[in-house]
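Visitor: Residue numbers (our numbering), protein chains in the order written: chain A, 1 to 273; chain B, 274 to 530; chain C, 531 to 811.
What the hints contain is simulated information worked out from the structure, not anything from laboratory work. Keep in mind that a hint or two might mislead.
[As the list claims (entries may be wrong)] Not close to chain A: a few residues of chain B, all C-beta gaps over 12 Å, as computed:
#	residue
1	Gly304
2	Asp316
3	Glu327
4	Met328
5	Arg363
6	Arg365
7	Ala392
8	Asp394
9	Val513
10	Lys516
11	Leu518
12	Pro519
13	Pro520
14	Ile521
15	Val523
16	Phe525
[Unchecked claim] For the chain C half of the interface with chain A, some residues (derived, Cβ under 7 Å), not all of them:
#	residue
17	Pro568
18	Ala787
19	Val789
All C-beta atoms, glycine included, are put in the ideal place defined by N, C-alpha and C.
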Amino acid sequence: MLEPVRNLWVSGLLVVGAILVSVAILAFLHQLAPSLRHRVIAVLTFLAGLYFPLEFFIPYHNFLTPWQNSVADFLRLMAAFTFGLGIINLLIIHGRHLLRWTSNAPFSLAFFSGFLLMLVIGLISHYKPTLWAQAVPKEAIGTVGFWDAAFRLFFEGALQSLNATIFALLAFFIVSAAYRAFRIRTLEAGLLMATAIVVMLANVPIGQQWLTGWIPEQSPLAWLRLEKLSHWLQTQVNAPTMRAIVFGLWVGSLAMAVRIILSLERTFTVGGQ
Amino acid sequence: MEHADWGTVYPWLVWVLTAMVGLGIWLSARGRQLHIRRLPAIDAMEEAVGRAVEMGRPILFVPGLADIDVPTFQAIAIAGHIARSAARYRNRVIVPVTNTVILTMAEQVLREAYAEAGAGDVFRPEDVRFLSGEQFAFASGVIGLMERERVASSFFFGNFAAESLILAEIGQRLGAIQIAGTPSTLQIPFFIAACDFTVIGEEYYAVTAYLTKEPILVGSVWGQDICRIALATFILAATVGMKWLPPIIVKFLTFPT
Amino acid sequence: MDDFARWLVRFQDIDRRYIYLAVAAALTLPIVLQLRMPQIPTPPTQAAFKAVENVPDEKVVLIAADFDTGTVGENGPQLRAVLEHLMRRKKKFVILSLIAPQGVTIAELYARTIGEKYGYKYGRDYVNLGYLPGGAPTLERMGRSVWETFPTDTKRIPLSELPMMRQVRSAQDVSLVAIFTGSGVLPYYVQTFWAQFKVPLIEGCTGIIVPELFPYMEAKQLVGILPGLKGAAEYEALLQQNGLGMRGMVAQSVAHALVIILILLGNLGMWLSRRPSAQRL
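The shape of chain A in the complex, shown without the other chains (with noise of 0.2 Å):
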């Protein structure tokens, strides 16, 4: 609904308008008495929180569904500028760690040389890839430029290695935890280990091809085939499970977000202080 403004000097002066409004609404905020505050609060919470479903509920293309992208948009603005304080925070956090020199000063100084050089070649790379390098001649396929490689080498060599790394741990915890846990002391905990058994033993050519492998596909007993067996479990016994659960939590979600949106939450609504 609301067209992106190509003007330099005129969205600079929004952007600084913006900014001072929002200052002067808290500063306001903050002058009021904490309950006039709270119901301030909760009025707005109400408001907002009506947009999306009144867009929803209205049947079709309605008054409020062009404002969709400008609302998606005005979200991510505030995503943004909290992801500011996020590195604030690790700053501050990592920063004190290295002036006092704690005994986690290692690790806050594995953060900074990570996060600077990051930065610093993620910038180069998509502003000035020219910078103190050749440039990459248009015909050389498959060739990149130094500040390139050097942003890959970093993203592709090093965080996306670590990503998968800690990942894989998965697998060993897993085994571990279902040798620690799968203790048959109950009768429901005999039934889980079997099935859980008939389900693992089924997804492997061991158990398809070689203890029921045997057993023909078109005899009356073919349900006994563990693959079979196992889809019967996953689709008959594991899927309602599931969804009833999932039904149950959606049900608690709808009222939770009622009290959220009807500002009676008090366990966590700010501006109580």
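We have chain A already, so just place chains B and C on it with the hints.
Guide: Coordinates of chains B and C only, in the frame set by chain A:
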């Protein structure tokens, strides 16, 4: 985008369920005594906080892969309660987060919780930490925190994905008392395997009501249960009756595609 | 006998480091030794295979590479198998990702390496549209107009300069969406491509999210599923090819057997320690 199709039962259902929750809140607010069954996992929370105090070690509260959504709001509400309990014994609660919006929210909630308990000086803003927006970078950050701070109790409440077991196993190895609850159904088995207590399914949204016994919250839990009973009855009746119902009703009950 | 029982009792509490070591061996040895095991394709994989087999010539397949290096172990072999199938049948495809910027890079790398064998050329036979954040609303916009949503491909080449894209204007020109992911992105595609544009969907997912997908398949919103690494191996079996999926499945098979053995040993140890006679041991 999609809009509600009022020619089907679904949009009506949302308002009926909302009304049922509203009824629960109204009844409870008018003084009707409503009962919530015993939930051992939630009873154990106080014990877990107490253990950390005895051992003189901090408490860890992970609000999951936090996003600006209802499960995370509930997680932050639970974090507030844990912080209030911990503040009474002047103990620290460390809250690592993946989302910067939630960072500001969590910090405010914890600050208020400590101030309310008269232990504002114990609260350290740096205990609410933004680690990373990346799932596994966050997971490794939390592991590091758990190891360095030797946390005595860990609470995992919120949206979790593959990192759930990684975090819970490390806590298990450290010997921490661990309590978890998540609406991410796929992660519940991992938490059951590695934690001492796990809040399952709809219990997740009953935690705050159970802990505070605040009429509005208790009433909303009661309303939710009525909704569930009504939903189950409706599904059962519709499934059985589908064969005999006139086509116009069948169309009304069918999800629009 | 008592000595043996006492020895078995110790299995109820194996040091976790030995368990980790055993897992590492179970996962690496079969791959290093290049062991082989046959695969029986299950109905969900067969259905996915059939859907790819029936893609008409004049339309393209949308490859949604919504995964990153974390799940490449499962999604990678699935994607490779499906790409191999598409190339054997000389079908064109478009790559994009809604949630993972790395996914499109990985998918293009696969397309390039497998494509060498089949003489596939970028821009003529496949195109990488890149990372497209914004979830269902953006997908819906793309379904209505590909050119408006993506004026250029991931290398910033205008779509007008890519010969294949001249025929790809909207969801009408897409015959199948193949999603590869370890996350819950399916609803975005169901709400848009399946519900609004009537394009069939198949999904290659990680083993853990398989239970979440069965309801979609029962509701016919998903035509086929490649469940985890097993799905990749089964797809390779249908292609009569011996790829990464087959090799990985042997490792997974051995690891599953290890888990079962460990669980049984743990229980055996526990039972023996609880026997009255064991109290005296």
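Visitor: It remains to establish, for every hint, whether it holds in the given structure.
Guide: Going down the list of hints, with the structure as the test:
Distance to chain A confirms Gly304/B as a non-interface residue, since its nearest Cβ pair spans about 17 Å, more than 12 Å. No Cβ of chain A comes within 12 Å of the Cβ of Asp316/B; the nearest lies about 18 Å off, and the non-interface call holds. Its beta-carbon lying about 24 Å from the closest one in chain A, Glu327/B satisfies the requirement of being farther than 12 Å from that chain. The Cβ of Met328/B lies farther than 12 Å from every Cβ of chain A, with a closest approach of about 20 Å, so its non-interface assignment holds.
Under the 12 Å C-beta cut-off, the non-interface status given to Arg363/B relative to chain A holds; the minimum distance is some 20 Å. Every Cβ of chain A is farther than 12 Å from the Cβ of Arg365/B; the closest lies at roughly 14 Å, confirming the non-interface assignment. Listed as a non-interface residue, Ala392/B keeps its Cβ farther than 12 Å from every Cβ of chain A; the least gap is roughly 14 Å. Asp394/B, annotated as away from the interface, keeps every beta carbon of chain A farther than 12 Å; the closest lies near 15 Å.
Once the 12 Å rule is applied to beta carbons, Val513/B is consistent with being away from chain A; the minimum gap is 16 Å. The claim that Lys516/B lies off the interface holds: its Cβ sits roughly 20 Å from the closest Cβ of chain A, which is beyond the 12 Å cut-off. Every Cβ of chain A is farther than 12 Å from the Cβ of Leu518/B; the closest lies at roughly 22 Å, confirming the non-interface assignment. Every C-beta of chain A lies more than 12 Å from that of Pro519/B, the closest at about 24 Å, which supports listing it as non-interface.
Chain A leaves Pro520/B outside its interface by the beta-carbon criterion, the shortest separation being 22 Å against a cut-off of 12 Å. For Ile521/B, the condition that its CB be more than 12 Å from all CB atoms of chain A holds, with the nearest at approximately 19 Å. Remark: the non-interface label on Val523/B is consistent with the geometry, its nearest Cβ contact in chain A lying 21 Å away (cut-off 12 Å). With a closest Cβ-Cβ approach of about 15 Å to chain A, Phe525/B is found to remain outside the 12 Å limit, as its non-interface label requires.
The interface hint given for Pro568/C is met, as the beta carbon of that residue sits about 6 Å from the closest beta carbon of chain A, less than 7 Å. Contact between Ala787/C and chain A, as hinted, is supported at the beta carbon level, the nearest pair being about 6 Å apart and thus within 7 Å. With its C-beta approaching chain A no nearer than about 5 Å, Val789/C sits inside the 7 Å limit, and its interface hint holds.
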